[in-house]
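Following the hints, position chain B against chain A.
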Amino acid sequence: MRKHWGSGVIWLLLFTMPFWMLAVGGYTELAARIVVLGLAAMALNFLLGFTGVLSFGHAAYFGLGAYGVGMTIKYLFPSTAAGVVIGVAAGTLAGAIIGALIVKLRGVYFAMVTIAFGQVFYFIAFRWNSVTGGDDGLTGWGRQPINLGFTTLDIQGNDKAFYYFVLALFTISVAVMALLLRGPFGRTLLAIRENERRARFLGIPIELHIWLSFVISCFFASLAGALFALVNNFTDPRFLRWDQSGTFVIMAVMGGMRSFWGPLMGATVYVLLQDYLSSHTENWMSFVGLVFVLVVLFFPRGIVGTARTRTVAEP
Amino acid sequence: MTQLILFNVFNGLVVGAFYALMALGLSLILNLTGVINFAHGGFLALGAYIAYTLLPYVGFWGALVIAPVLTALVGIVVERVLIRRLYGRDPLYSLLLTFGLAFIFEDGTRFIWGAQSVPYQIPASLTTALSPSLFFLTGYRVFMVVLVAAAVAGLFLLLTRTRLGMRIRAGTLDLETVSVLGVNVRILRNLNFGLGIYLAGLAGVLAAGMLGLQPTIGTSLIMPSFVAIIVGGLGSLPGTLLGGILIGVASGVTTVFFPSATEAVMYVMMGIVLLVLPRGLLGEEGRF
Chain A
1 MRKHWGSGVI WLLLFTMPFW MLAVGGYTEL AARIVVLGLA AMALNFLLGF TGVLSFGHAA
61 YFGLGAYGVG MTIKYLFPST AAGVVIGVAA GTLAGAIIGA LIVKLRGVYF AMVTIAFGQV
121 FYFIAFRWNS VTGGDDGLTG WGRQPINLGF TTLDIQGNDK AFYYFVLALF TISVAVMALL
181 LRGPFGRTLL AIRENERRAR FLGIPIELHI WLSFVISCFF ASLAGALFAL VNNFTDPRFL
241 RWDQSGTFVI MAVMGGMRSF WGPLMGATVY VLLQDYLSSH TENWMSFVGL VFVLVVLFFP
301 RGIVGTARTR TVAEP
Chain B
1001 MTQLILFNVF NGLVVGAFYA LMALGLSLIL NLTGVINFAH GGFLALGAYI AYTLLPYVGF
1061 WGALVIAPVL TALVGIVVER VLIRRLYGRD PLYSLLLTFG LAFIFEDGTR FIWGAQSVPY
1121 QIPASLTTAL SPSLFFLTGY RVFMVVLVAA AVAGLFLLLT RTRLGMRIRA GTLDLETVSV
1181 LGVNVRILRN LNFGLGIYLA GLAGVLAAGM LGLQPTIGTS LIMPSFVAII VGGLGSLPGT
1241 LLGGILIGVA SGVTTVFFPS ATEAVMYVMM GIVLLVLPRG LLGEEGRF
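Protein sequence lines, in the order shown, are assigned to chains A and B.
Going left to right, the first sequence walks through residues 1 to 315 as the working numbering numbers them.
Going left to right, the second sequence walks through residues 1001 to 1288 as the working numbering numbers them.
Any given hint could turn out to be false.
Covered by chain B, per the in silico footprint, the following chain A stretches (three or more residues, Cβ under 8 Å) [said to hold, decoys possible]:
#: 1; stretch: 121-134
#: 2; stretch: 246-257
If you want the ones that stay clear, here's a sample from chain B, every Cβ over 10 Å from chain A, calculated [said to hold, decoys possible]:
#: 3; residue: Gln1003
#: 4; residue: Phe1007
#: 5; residue: Thr1053
#: 6; residue: Arg1089
#: 7; residue: Leu1101
#: 8; residue: Ser1125
#: 9; residue: Leu1126
#: 10; residue: Thr1138
#: 11; residue: Val1146
#: 12; residue: Leu1147
#: 13; residue: Ala1150
#: 14; residue: Phe1156
#: 15; residue: Pro1238
Residues from chain A that keep clear of chain B, each with C-beta distances beyond 12 Å, as calculated [stated by the list, open to error]:
#: 16; residue: Ser7
#: 17; residue: Gly8
#: 18; residue: Trp11
#: 19; residue: Leu22
#: 20; residue: Leu105
#: 21; residue: Trp141
#: 22; residue: Leu148
#: 23; residue: Ala178
#: 24; residue: Leu181
#: 25; residue: Leu190
#: 26; residue: Arg198
#: 27; residue: Asn233
#: 28; residue: Asp275
#: 29; residue: Asn283
#: 30; residue: Phe287
#: 31; residue: Phe292
Please keep in mind that the hints were generated in silico from the structure rather than gathered at the bench.
C-beta: ideal position from N, C-alpha, C; glycine also.
In isolation and in its complexed conformation, chain A is listed as follows (with noise of 0.2 Å):
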């Protein structure tokens, strides 16, 4: 009961966000940053909160959708609903290529692995200037209005149009994932965390789980990168950079990963405080550094999780 009400609170902040963020200070594409990032390390926690499978490179994919929803709209055809989906074919296949090569590797040896891999996209768009924008980022797009048929959605110009447009493909893939989640699928992804010689004994194929977590995994993390890019009407080179990936894991730690809403929470903090920092102060780099720092020396269950361990405590 408890459970539905938290949810309950963060769906209404969700969707009223627009209407509140201007009086606290904010500004809306504040709040579609917020969302897309958001959905960005709740799709990694799935692998890692909820499979136990640590990938340090989910900017890959991330960075890919983003590439996908910019080359598209900006080369083949104005659309963005085209661009999304190209994007996140891009994502997940790519994931889905990767995965296979990785699925047999653990711990220490398989987050290597993912960052090594990660780096491959980077390098791509750093060095093809004349299709990436090389360093400089993609440029010279941006997204277009939507055509519903009986309406069109004018997510160019209406912040709030976008905003809400994001919030739905986030309702959507949350939805998706607690299903999964919730079902037997989801359970045994839990089975192979929490013992993986034993679920392997019970005869689960352990190695296509995971590899399945990790392509539904890429493919949201892809659909956030492709929303990301319509965020900003941009690309970056840095959206598919190894410190990106780190972002989204400290996002998924500092919110708690053994939550469902943690890394939302993570992603949030994470949001505000290097929106706060970078028009503060020039070393924001030492303070988000800091936070990664004093995160694992003294909060590495997260937010929730911390929450949790004192309500538990007191009787």
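For chain B alone, kept in the frame of chain A given last:
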């Protein structure tokens, strides 16, 4: 054409020697403690900038000797204060913490020494080409390869012939038993970390001479070292050395035919190696 290929093979060898030096330090730390040190590139940059600061006072050779030692001392302090708390925990946490450290290092060097890149003076005796027909064999590049070879030889001698080295190797196999046999594991891990960082510092000084100094110098070099370790096989130091040289030469040769794939080729190699030999070239079934 032959000369062009020869030039790029040699160039690749220089770069590969360099990746190997950095990757060996990472590997040492990873093998003994299971910590992936993301801040390795940060230590490299620190070594380079310390050398840059010392250069006017002690000269090129002095800086080459002193800067890596000072970097190693910083490493030893960092291990005592921070890294030590991560042993035995999920690798997730060591990755995140050292990742944060990498941020702090990069920003810190930018804060102290400025964001502009600065040149690093190397002695005139090292800048001349050795022969007019083989113009690419500048003294500095040859010197780098020789120095890396000497450092690697020194490292392997240390690991096989000294008591400390034997303890490190034994600890890599079974740290608990080493501890039971009366070795102070805390000090062992501390010194081992310092040794790894020493190699990073040395790589930093050499990189400064070749590439000049900028705050991002370390972060751009850490990824190839990861690839070198994976290609060579996790847990194997000779493998790491081999991996570093291989990917260096491979990217050197690729530069001739397809310059925009210079970096991508290492990752393609890594993909192929993982497909054929999931443990890497010289890795063994076991710890990782």
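Verification of the hints:
1. 121-134: holds (count 4)
2. 246-257: The restraint on the stretch 246-257 of chain A holds, since 4 of its residues have a Cβ under 8 Å from chain B and three suffice.
3. Gln1003: 25 Å, holds
4. Phe1007: 21 Å, holds
5. Thr1053: Its Cβ never comes within 10 Å of chain A, the nearest being 20 Å, so this holds.
6. Arg1089: 8 Å, violated
7. Leu1101: Non-interface label fails for leucine 1101/B: nearest chain A Cβ at 7 Å, not farther than 10 Å.
8. Ser1125: 36 Å, holds
9. Leu1126: 31 Å, holds
10. Thr1138: At about 26 Å from chain A, threonine 1138/B clears the 10 Å cut-off, so the statement holds.
11. Val1146: 29 Å, holds
12. Leu1147: The claim holds: leucine 1147/B sits with its nearest Cβ about 27 Å from chain A, beyond 10 Å.
13. Ala1150: Alanine 1150/B clear of chain A: closest Cβ-Cβ about 28 Å, beyond 10 Å.
14. Phe1156: 23 Å, holds
15. Pro1238: 18 Å, holds
16. Ser7: 26 Å, holds
17. Gly8: Holds, since 31 Å exceeds 12 Å.
18. Trp11: Label holds. Min Cβ-Cβ 29 Å, cutoff 12 Å.
19. Leu22: 31 Å, holds
20. Leu105: With a cut-off of 12 Å, leucine 105/A comes too close to chain B, as the shortest Cβ separation is near 7 Å.
21. Trp141: 22 Å, holds
22. Leu148: 40 Å, holds
23. Ala178: 23 Å, holds
24. Leu181: The claim stands: leucine 181/A keeps its Cβ more than 12 Å from every Cβ of chain B (closest is about 20 Å).
25. Leu190: For leucine 190/A, whose nearest Cβ neighbour in chain B is about 17 Å away, the distance exceeds 12 Å, so it holds.
26. Arg198: Correct as stated: the minimum Cβ-Cβ distance to chain B is 19 Å, above 12 Å.
27. Asn233: 26 Å, holds
28. Asp275: Holds: least Cβ distance 17 Å, greater than 12 Å.
29. Asn283: 5 Å, violated
30. Phe287: Given a closest Cβ separation of 9 Å, the condition is violated.
31. Phe292: 3 Å, violated
When held up to the earlier numbered hints, the structure conflicts with 6, 7, 20, 29, 30, 31 and fits the remainder.
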